[in-house]
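Chains C and E, in that order, give the protein sequences.
Be aware that the first sequence starts at 128, since it is given in the numbering used here, and climbs by one per residue.
Be aware that the second sequence starts at 128, since it is given in the numbering used here, and climbs by one per residue.
By construction, these hints were calculated from the structure, which means they are not laboratory data.
Hints are not guaranteed to be accurate.
To be verified - List of simulated lysine-lysine pairs, DSSO-like, C-alpha gap at most 30 Å:
#1 K132(E) / K262(C)
#2 K262(C) / K280(C)
#3 K262(E) / K280(C)
#4 K262(E) / K134(C)
#5 K134(E) / K262(C)
#6 K132(C) / K262(E)
#7 K129(C) / K129(E)
#8 K129(E) / K262(C)
#9 K282(C) / K262(C)
#10 K282(C) / K262(E)
#11 K129(C) / K282(E)
#12 K132(C) / K134(E)
#13 K134(C) / K132(E)
#14 K262(E) / K282(E)
#15 K282(C) / K129(E)
#16 K282(C) / K282(E)
#17 K132(C) / K280(E)
#18 K262(E) / K280(E)
#19 K280(C) / K129(E)
#20 K262(E) / K129(C)
#21 K282(E) / K132(C)
#22 K280(E) / K280(C)
Protein chains: 2
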Amino acid sequence: MKPRKWKTLATEAVYRTPIFDLHRRSSRHPSRGDRDFFVLEAPNWVNIIPLTPRNEVVMIRQYRHGIADFTLEIPGGMMDPEDRDPMSAARREMLEETGYDSSQIVEIGRVHPNPAILPNHCYLFAASGARRVQKQQLDTNEEAEVVLVPIAKIKPMIASGQIRHALVIVAFSFFDLYNPPRRPRSSRKKRE
Amino acid sequence: MKPRKWKTLATEAVYRTPIFDLHRRSSRHPSRGDRDFFVLEAPNWVNIIPLTPRNEVVMIRQYRHGIADFTLEIPGGMMDPEDRDPMSAARREMLEETGYDSSQIVEIGRVHPNPAILPNHCYLFAASGARRVQKQQLDTNEEAEVVLVPIAKIKPMIASGQIRHALVIVAFSFFDLYNPPRRPRSSRKKRE
């Protein structure tokens, strides 16, 4: 059976928060009639894998209110209205959250964080040659500890559950697609 | 700087929907004072990679209200109160959404869909030997088309953006970790 589109009849913001608005969307289907669906309107998100010249990932350990516990993540966040594009937003987040910077940034992928309830994209980036250029500049609600993790340790840490944020794991998954570990061991030399 | 925990002072459900409740959580930090954070209380989620004896992934094409468009996904959804455990929930979703079944299911990973705003986990499974045993049994809001995709095509489809749901990509990422493509081509024989 070919699924058909729903038509949006009306959308109402039923609750607003600083990071998303909850919308009730009344929709009509050619055979299923009228129904309400709930959607979280949010800006696009970005995250970025900053790699130092020694092939360490610049990660942050921070408290997350959803799970009421700490996570190990790469820098990322919401696009601000002032950000020129997703890449600028990712670079800003890297600089603010870790104090590291790099101008060598590539987009490695983009995903829907959850197409059932979120209209937005998360844009995924990788930066090479990241170096510490300043102190972290966190907002008043943020506290984060910078942790350097050798890139070779990332997969074991995902497998063991030490890295558990879906959008962080997705970024490393695209990093592999973009830069697959095809070279034989003997040719994998440390580059500065 | 070592980040410190926030203490929850009070939680209030400010809006309820059929798939999550929006909670406002008042929290206190030892140095940052009192702040409100918003969290989506939702059941745990599950998804599952059903593999046929011919190494095709049983996927579904369905309309998603968040993005108001169609996606290509593996079966999955929310755990129901009646589900004995996440694996039973994943098997139920596979059967309902695709009509395929298998008793050979393994958990390949678990992630936080978004630890900033969601307390829940998404449990990831893979099923081998999946066979069509019945018609799809979709609820009144669901419409989904079953699509069989050879497992070898999944990575190119992720790279090209044909598969864009973060939690689906995460499942395939864990499938690789669990079952890495290490065998040389000559030994990869079709198993029935």
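Consistency of the hints with the structure:
Using a Cα cut-off of 30 Å, the hinted pair K132(E) and K262(C) holds, with the two alpha carbons roughly 22 Å apart. Distance restraint check for K262(C) and K280(C): the Cα-Cα separation of roughly 26 Å lies within the 30 Å cut-off, and the hinted pair is therefore satisfied. A threshold of 30 Å between alpha carbons decides the hint, and for K262(E) with K280(C) the separation of about 44 Å lies outside it, so the pair is violated. Note on K262(E) and K134(C): the hinted pairing holds, with a Cα-Cα distance of about 27 Å set against a maximum of 30 Å.
Distance hint between K134(E) and K262(C) is fulfilled; the C-alpha atoms sit about 27 Å from each other, no more than 30 Å. Taking the CA atoms of K132(C) and K262(E), the gap is near 22 Å; set against the 30 Å cutoff, the hint holds. Between K129(C) and K129(E) the alpha-carbon distance is near 53 Å, which puts this suggested pair outside the 30 Å criterion. Taking the CA atoms of K129(E) and K262(C), the gap is about 14 Å. The hint holds against a cut of 30 Å.
Simply put, K282(C) and K262(C) have alpha-carbon atoms about 29 Å apart, close enough for the 30 Å limit, and the pair holds. In summary, the hint linking K282(C) to K262(E) is not supported, as the alpha carbons are separated by about 39 Å, beyond the 30 Å threshold. At most 30 Å may separate the alpha-carbon atoms for a hinted pair to count; K129(C) and K282(E) meet this at roughly 25 Å. For a cut-off of 30 Å, the pair hint linking K132(C) to K134(E) is broken: about 44 Å separates their Cα positions.
Our distance criterion of 30 Å between C-alpha atoms is broken by K134(C) and K132(E), whose separation comes to about 44 Å. Simply put, K262(E) and K282(E) have alpha-carbon atoms about 29 Å apart, close enough for the 30 Å limit, and the pair holds. Using a Cα cut-off of 30 Å, the hinted pair K282(C) and K129(E) holds, with the two alpha carbons roughly 25 Å apart. Pair hint K282(C) plus K282(E) holds up; C-alpha atoms about 17 Å apart against a cutoff of 30 Å.
Simply put, K132(C) and K280(E) have alpha-carbon atoms about 26 Å apart, close enough for the 30 Å limit, and the pair holds. A hinted pair counts as satisfied when its Cα atoms are at most 30 Å apart, and K262(E) with K280(E) qualifies at roughly 26 Å. In summary, the hint linking K280(C) to K129(E) is supported, as the alpha carbons are separated by about 22 Å, within the 30 Å threshold. Our distance criterion of 30 Å between C-alpha atoms is met by K262(E) and K129(C), whose separation comes to about 15 Å.
Distance check on the hinted pair: K282(E) and K132(C) sit about 27 Å apart at the alpha-carbon level, within 30 Å; holds. Restraint check for K280(E) and K280(C): satisfied, since their Cα atoms lie roughly 27 Å apart, inside the 30 Å limit.
In terms of the numbered hints stated before, the structure departs from hints 3, 7, 10, 12 and 13, listed from lowest to highest.
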